[in-house]
Each structure stands twice: as C-alpha cells, then as structure tokens.
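*Asks:* Hey, can you work out the whole structure from these sequences and the hints?
Number of protein chains: 2
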Amino acid sequence: MGEGRRHHRVPRCKRCGQPAVIFMRQHRLALCETHYQEWFVNYTQRTIEKYHMFRPEHRILVAVSGGKDSLALWDVLTQLGYKADGLYIGLGIDEGTRYSELSLEAIRGFMAERPGLRLNIVDMKESYGETIPELARRTRRGRGKPCSVCGLSKRHIMNEVALREGYDVLATGHNLDDEAAVLFQNTLHWQTGYLARQSPVLEATHPGLVRKVKPFCRFYEREVAAYAIVRGIEYQYDECPFSVGATTIYYKELLNRLERQSPGSKFQFYTQFLNAKKKGLITFHEPEGEVVLRPCRICGQPTTAGEICAFCRMWVRPDMDPEEAKKVVPTLKLRVETS
Amino acid sequence: MGEGRRHHRVPRCKRCGQPAVIFMRQHRLALCETHYQEWFVNYTQRTIEKYHMFRPEHRILVAVSGGKDSLALWDVLTQLGYKADGLYIGLGIDEGTRYSELSLEAIRGFMAERPGLRLNIVDMKESYGETIPELARRTRRGRGKPCSVCGLSKRHIMNEVALREGYDVLATGHNLDDEAAVLFQNTLHWQTGYLARQSPVLEATHPGLVRKVKPFCRFYEREVAAYAIVRGIEYQYDECPFSVGATTIYYKELLNRLERQSPGSKFQFYTQFLNAKKKGLITFHEPEGEVVLRPCRICGQPTTAGEICAFCRMWVRPDMDPEEAKKVVPTLKLRVETS
Chain A
918 MGEGRRHHRV PRCKRCGQPA VIFMRQHRLA LCETHYQEWF VNYTQRTIEK
968 YHMFRPEHRI LVAVSGGKDS LALWDVLTQL GYKADGLYIG LGIDEGTRYS
1018 ELSLEAIRGF MAERPGLRLN IVDMKESYGE TIPELARRTR RGRGKPCSVC
1068 GLSKRHIMNE VALREGYDVL ATGHNLDDEA AVLFQNTLHW QTGYLARQSP
1118 VLEATHPGLV RKVKPFCRFY EREVAAYAIV RGIEYQYDEC PFSVGATTIY
1168 YKELLNRLER QSPGSKFQFY TQFLNAKKKG LITFHEPEGE VVLRPCRICG
1218 QPTTAGEICA FCRMWVRPDM DPEEAKKVVP TLKLRVETS
Chain Z
918 MGEGRRHHRV PRCKRCGQPA VIFMRQHRLA LCETHYQEWF VNYTQRTIEK
968 YHMFRPEHRI LVAVSGGKDS LALWDVLTQL GYKADGLYIG LGIDEGTRYS
1018 ELSLEAIRGF MAERPGLRLN IVDMKESYGE TIPELARRTR RGRGKPCSVC
1068 GLSKRHIMNE VALREGYDVL ATGHNLDDEA AVLFQNTLHW QTGYLARQSP
1118 VLEATHPGLV RKVKPFCRFY EREVAAYAIV RGIEYQYDEC PFSVGATTIY
1168 YKELLNRLER QSPGSKFQFY TQFLNAKKKG LITFHEPEGE VVLRPCRICG
1218 QPTTAGEICA FCRMWVRPDM DPEEAKKVVP TLKLRVETS
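Heads up: the sequence lines are chains A and Z, in that order.
Under our numbering, the first residue of the first sequence carries the number 918, and numbering increases by one thereafter.
Under our numbering, the first residue of the second sequence carries the number 918, and numbering increases by one thereafter.
Hints listed in this document are in silico derivations from the structure and should not be mistaken for laboratory results.
Watch out, some of these pointers could steer you wrong.
Remember, identical chains collapse to one label, so a pair may be satisfied in a single copy or spanning two.
Derived pair list, reagent style SDA-like, types lysine to any residue, alpha-carbon separation capped at 25 Å [said to hold, decoys possible]:
1. Lys967 x Glu1205
2. Lys1194 x Val1209
3. Lys1062 x Leu1175
4. Lys1062 x Glu1156
5. Lys1195 x Val1245
6. Lys1195 x Ile1150
7. Lys1169 x Gln1108
8. Lys1244 x Tyr960
9. Lys967 x Leu1019
10. Lys967 x Pro1204
*Replies:* In structure tokens:
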C-alpha cells in the first residue's frame, strides 16, 4: 500500500512534496500550506515590481473594508516590509445584518494580532451626517440602489485622505475576478475610454489625484480566500447586503462558466489584454477626445463633471450662490486607531 | 371584447397594423409577414451599401450550403436584381444522416422554383478523389475532427472558383450570431490579428484572393430563419453531424445567455465593435508585424504558410521533388447546373 500510494494523483507540493492545499492550473503549480503562503507573498512582490506600483520608501494607504481581499493585502504588504497604513470608511450599512459594524470589528481583530499598524477611519454619519443608505434615499443619484452613491463617496474620501495625509499611493484589494469582470463588461460594450484606462496602476494624471494600484490583480478570488484562510485571518464573510443582483456579479457568473469550461481562461483574458496594450497591439481612444479635468469649485478635487463634482452635488442645489454652496458640503473628519 | 382587444399587447405591424409575426427589439420594430419580407430585403440592401459590398454591375458568387442562411441570401440578392450565381461544394458528409445529399436536394428544390439561376458545383470526391471525412482520416490536420480540413478546403475551392470564373466578389450567409461568436472568441483571447481583420468586407489584399462579403452580418439568426420560413424556402434543417461540440457553438450559447439577460446585447457587441474600429477608437495590430502573402508553388493561391499552402500540403509530402509534387495535387472539376 505504501508503494502504491506514489502512483495516486494526490497533488503534492512542488517545493517539499507534502500534500498540497492548492493547485493553480494557470501556473501548473501545487503547493502545501507553508509554501503557498510564501509563494503568495512573493508573487505579490513580483506583481508590484512588474507594474512599478511602489517602492519601499513610499507611504501606502490600503483601502480596508474588512473583507478577505483588503485584509490579505494589508497583511502581505506589512510582511513585505512596506509602510502601509489602513483606511476604513464607515458606510453605516446595517439592513439587519450589522454589515458595517462587523466589518470594523474584523479589522480591529486583525490589527490586535499585528502590533504597530495604523488605521485611518472616516465615518460617513460622523463626517457627513448621513450613512450611505440615508444619502442614497435623499439624493437623485441613489434612486433604486445605494451602490452608485457608495462608489462615488468611497472614491472621493479615499482620494481626499490619501492627499491630505501625504500618502504616495492608494492600494486596493481588487482581485483577478473583479478586474476580469470589469474588463468583460467594458469589452461587451466596447467602452474604449474605460478600456484605455483599465490597468493595475492608475497614474495620478492631475496633482489633485492620488496614484492607485491593485497588487492582487493577478490572483483569482479563490487564491486570495485560500491565503486568508491559511493565514488565519478572520475577515468579514458577508457580502454587502446591497450587492445582490449587481451587474458585476452577473458578469462574474458568466466568466465563471467560461472558467469551468476552459480553466485559466479568466487569467488569460485579463493578462493578454494587458500584454496586448503594453506591446501596442491594441490602442484605445477616448470617444470624446482627451478628458479634461478641472478642480471642483467646492472641494478642489479634479472632476470632469463641470464646475462642481458629483460628490459635492449631493449637497449643493443648482440655485445656491457660491458662498452658500461652500458651506453646505460637510467636511471630512478623520480618526486614527493604532495597534 | 372587441373594444378590450385594443388594450392587449398584441404586437402590430408598424406599417399596416395587422398582427405582427416578428418583433425586433434592437430596431424597436414589429412587422407582419408581408412587410417583414419587404423590410428584410431592403435592410440587406442597406447593409450592402453601408459597407460598400458590391454594385449591380458586379458578378457575385454566393456560397450555397443548402441551409437557411445561404439560400435566403441567394433569394434576396436575386430579388434585389444582382447578378448572383451559386457555388455548392459537395463535401460527401453522410454519417448516416445523408447530410450532403439532402443539402444538394434542398438547393435543387430552391432553384426549381426560381428559373434562370446558375449553380457551380464542385464535388470533393469527384475533384480530389476523397470526401471530407476521408481526407480528414488520411491527413494529420484532420485528426479528431474534420472541421479544420473542411474549412480549409472550402476556403481554397471558393477562392479558386471565384477567380477562375471571373466573379468580382464572394458572398457568404454569415449572420450576426456567427459573427458575434467569432468576435467573442477572438476578444476573449485578444487575438489582435484576427480582430484587425474581422469585418463584413474582406478586401482582396492580393491579386490571387477574391473579395469576400457578408450581407447578412447584421441579422440575428432567428431573423434569417423567420425570413426563410415566410418565403417558403425549404432548406436543409439539419446541422452538419460534425458540428456537435464545436467551440463556436459553445461561445454562441454564452452569448445567447447574455442576450436573454439583456436583449439586443449581441447586436450592440458586434456593431459597436465595427463602429469603434471605423471611428479609430480602437486599433488592432498583427502580433508578428504585417502578414506576408506569397503564391503557393503548387496551386498559385497566396499563402502565409511558406512555399506550399496548407491545402496542397494535404497531398504533398515534404520529401517530394517539385515536379512530382505538382502532379499529386488533384485539380478542381467544375460542373454547372441551371434552372
């Protein structure tokens, strides 16, 4: 029996021969728990270098939601010795599930086991007087679902905190499944402007914009989840209660069908897109010519939307005079917690 | 009850108010049997003009398989007054279903009702001594499935007949579902060379290549089927017995899911791709630089494959001397039937 075992197809770790916990077909690589953690951290470093995301002297702000992707990212960047602080935005989403409360609890649990971390906290209710669901109910933009208001607010706040606190780069936990779904959606509609910009690195094309990077863009979601689990990270398992039925989820399902039929196709779809752009085999142009960014008259953040950015317009009425308008947009309040 | 009826959502023909037989969401158009036929013919003419496919003085060779698409195309081009002859290639596919035999019968039935048509016939067995399944079994290329050998042979023969008989253009019955599936496949793999060339018109980039056009590229498959049915065309209903499990069918299914979820998305995916290319919002380049076409030493057709084209290599062995090689490739025999 001992002899026969060798012939079974039990996946073995490529490094040490122990039973593997994961097999990644796109890399033809099986690894045990220990070597998977090592590989995952090193592969993140390779992605950071490949796309020139940042260097050790840079100050990094990690957008932390409490989910597996962002906590795993914070964990890896810290292990790699980067100066990475967190940013948590309290969205005030409850809807009977205590979603936001449990998210912050997960982050605090994560920090408690890792002394020396620094977390910036912006609470929507505290800063702006309204939670995301409340803001969505009050504004035109939020009609139906709060996702649009939520995305808009998070982008605004992340940018403001990064610039105000002097961070060099904002890192988000977007994984391959996220990136491939967005690419798929943009491709099906040939959104050439979005396709031109989609990249693991968004350069700061304006002094009022922070540089943005996605160090996990080449990991499948299941790979990030596996890392979080073997590292013992207790993350917030629940999805946002509002994410049910989101279009991105629909495109993710279609891509998952493709992946089941032809494993590795998601990875190829995304990486071949990046390669083809890099080699100049595809060029995309903005449909309306180059996008012009001008500072918002209220908050100063660059906007393409005219005089006042979409975020400030959630408070400013068109008939307000300029002085009054400046007063109605609440200002961001930042708290800091450390471990 | 008569009064109540008006309030039912019975789709009515936009032209005459009679009950509609078809509703095309992407055009927001419902039509009755009579006006659908009229619209279908006119829309084909508009596609021909939009893409500058051909003019009334040109001689057109229609590739006719006996299926709904090619017979409907021949029918429409004839109605529009174009000089359109058919080309049928007898593939010798039987496999218990009499597929090829029934295809030619459908074409003859179609012609019998339309005096004055001219059909060019090339029979694989007659010309080359082997049917497609036989050729596939003998050659390396055919291993597994005969589809590759079949596609190669049809392209070679269509081009040879068109040039030899002095046709200006080759028209095929590819519909939107066909074109969108190929586009989808090429996009998922970012095949920039294919994406550069995919178009309703393939120009003759070499004197040894015929110009190719797809006048049905903007019709959904179901629209062509509806036209064939209301015109009473008795086409070959069976799919080729070898088409089961083809990758194109798999991509078609995925696109059909998308279409069900979001009607019109197939039409948009394809037409927005063409528009974006035309407006210069996307540019694709060949990965290996410009493709160089050289005439095959045996048959003279342009090829990228080296000295001898892939078609002739089904007969020529690498060790044959040039004179011997020229003799082993059989020559095409053309028969003509008229109605």
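*Asks:* Quick one: Lys1062 to Glu1156, C-alpha cut-off 25 Å, is that within a copy, between copies, both, or neither?
*Replies:* Within one copy only: 15 Å inside, 45 Å across.
*Asks:* Measure nothing new, just compare the shortest in-copy and cross-copy C-alpha distances for Lys1194 and Val1209 to 25 Å and report within, between, both or neither.
*Replies:* This pair counts as both: shortest intra-copy Cα distance 23 Å, inter-copy 23 Å.
*Asks:* Indicate which option fits the pair Lys1169, Gln1108 if close means a Cα-Cα distance not exceeding 25 Å: within, between, both or neither.
*Replies:* both (18 Å within a copy, 22 Å between copies)
*Asks:* Under a CA distance limit of 25 Å, which applies to Lys1062 and Leu1175: within one copy, between copies, both, or neither?
*Replies:* between (29 Å within a copy, 22 Å between copies)
*Asks:* Cα distance capped at 25 Å. Does Lys1244 pair with Tyr960 within a copy, between copies, both, or neither?
*Replies:* Intra 48 Å, inter 58 Å, cutoff 25 Å: neither.
*Asks:* At 25 Å max between alpha carbons, let me know whether Lys967 reaches Leu1019 within a copy, between copies, both or neither.
*Replies:* neither (35 Å within a copy, 58 Å between copies)
*Asks:* Is it within, between, both, or neither for Lys1195 and Val1245, if the alpha carbons may be no more than 25 Å apart?
*Replies:* Result: close neither inside a copy nor across copies, 45 Å intra and 47 Å inter.
*Asks:* Measure nothing new, just compare the shortest in-copy and cross-copy C-alpha distances for Lys1195 and Ile1150 to 25 Å and report within, between, both or neither.
*Replies:* neither (35 Å within a copy, 50 Å between copies)
*Asks:* How do Lys967 and Pro1204 come out at 25 Å by Cα distance, when the copy is not named: within, between, both, or neither?
*Replies:* Answer is between: at 22 Å across copies they meet the 25 Å cutoff, but 29 Å inside does not.
*Asks:* Measure nothing new, just compare the shortest in-copy and cross-copy C-alpha distances for Lys967 and Glu1205 to 25 Å and report within, between, both or neither.
*Replies:* between (31 Å within a copy, 24 Å between copies)
Consistency note: the structure conflicts with the earlier hints numbered 5, 6, 8 and 9.
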